[in-house]
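Undergrad: Sequence:
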Amino acid sequence: MRYWLMKSEPDVFSIDDLARVGVEPWTGVRNYQARNFMRDGMSEGDGVLFYHSSCEVPGVAGLARVASAAYPDPTQFERKSEYFDAKATHEDPRWMLVDVRFERKLARTIPLVELKAQSRLDGFALLQRGNRLSILPVTKAQWNVILGME
DNA sequence: GCCAACGTTGGC
DNA sequence: GCCAACGTTGGC
8 MRYWLMKSEP
18 DVFSIDDLAR
28 VGVEPWTGVR
38 NYQARNFMRD
48 GMSEGDGVLF
58 YHSSCEVPGV
68 AGLARVASAA
78 YPDPTQFERK
88 SEYFDAKATH
98 EDPRWMLVDV
108 RFERKLARTI
118 PLVELKAQSR
128 LDGFALLQRG
138 NRLSILPVTK
148 AQWNVILGME
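By the count of the numbering used here, the first sequence reaches residue 157 at its end, each step adding exactly one.
Any given hint could turn out to be false.
Here are the computed lysine-lysine pairs in the PhoX-like style, where the Cα-Cα straight-line distance is at most 20 Å [stated by the list, open to error]:
1. 94 - 14
2. 87 - 123
3. 147 - 14
4. 14 - 112
These aren't lab readings, by the way, just hints derived from the structure by calculation.
Treat the numbers as computed from the prediction; the structure is a model and nothing was measured.
Whole structure, please, built from the sequences with the hints as guidance.
TA: Spelled out as structure tokens, the structure:
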């Protein structure tokens, strides 16, 4: 089993939204590296840190699980979608996604500033310079450190 | 294949 | 709102 961090802007889709729907297809990823993590790295049952970005207190807000293998993101074929991609075809889909299942909210959001201050998280992909990826790998050790900060 | 221009992300 | 970082696009 592997571990991941997935970013979401809570104004758009928060951990509470995930709690409400239960399972959410992770549509709209349009970055190749992030796509490759979903397509080549993720397996059903993997652990997910649900991260709130671009908000008052950015940080890890909850836990989720990968709930499917990767499959083509249907929004790439929807002409009216903001995620439409004219170069994608059903025969040769360009964008993939996984389903994400709510597990639980953390007792508190663990703020980015605290993650940065935790020396045991040196090397954590989220904290590396200029990182903008919306999906990142997390080691088991990093996972345990972060949950220990709850 | 290079690289300038442009767009997006996301913290602050 | 600013700006650093960096991915993508497209001309050449």
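Undergrad: Does each hint hold? Answer for all of them.
TA: Against the structure, the hints come out as follows:
1. The suggested pairing of residue 94 with residue 14 is violated, with an alpha-carbon distance near 26 Å, which exceeds 20 Å.
2. Proximity of residue 87 to residue 123 is assessed by CA-CA distance (about 40 Å); at most 20 Å being required, the pair is judged violated.
3. With a C-alpha separation of about 18 Å, the suggested pair residue 147 and residue 14 falls inside the 20 Å cut-off, and the hint holds.
4. At roughly 15 Å between alpha-carbon atoms, residue 14 and residue 112 fall within 20 Å of each other, so this suggested pair holds.
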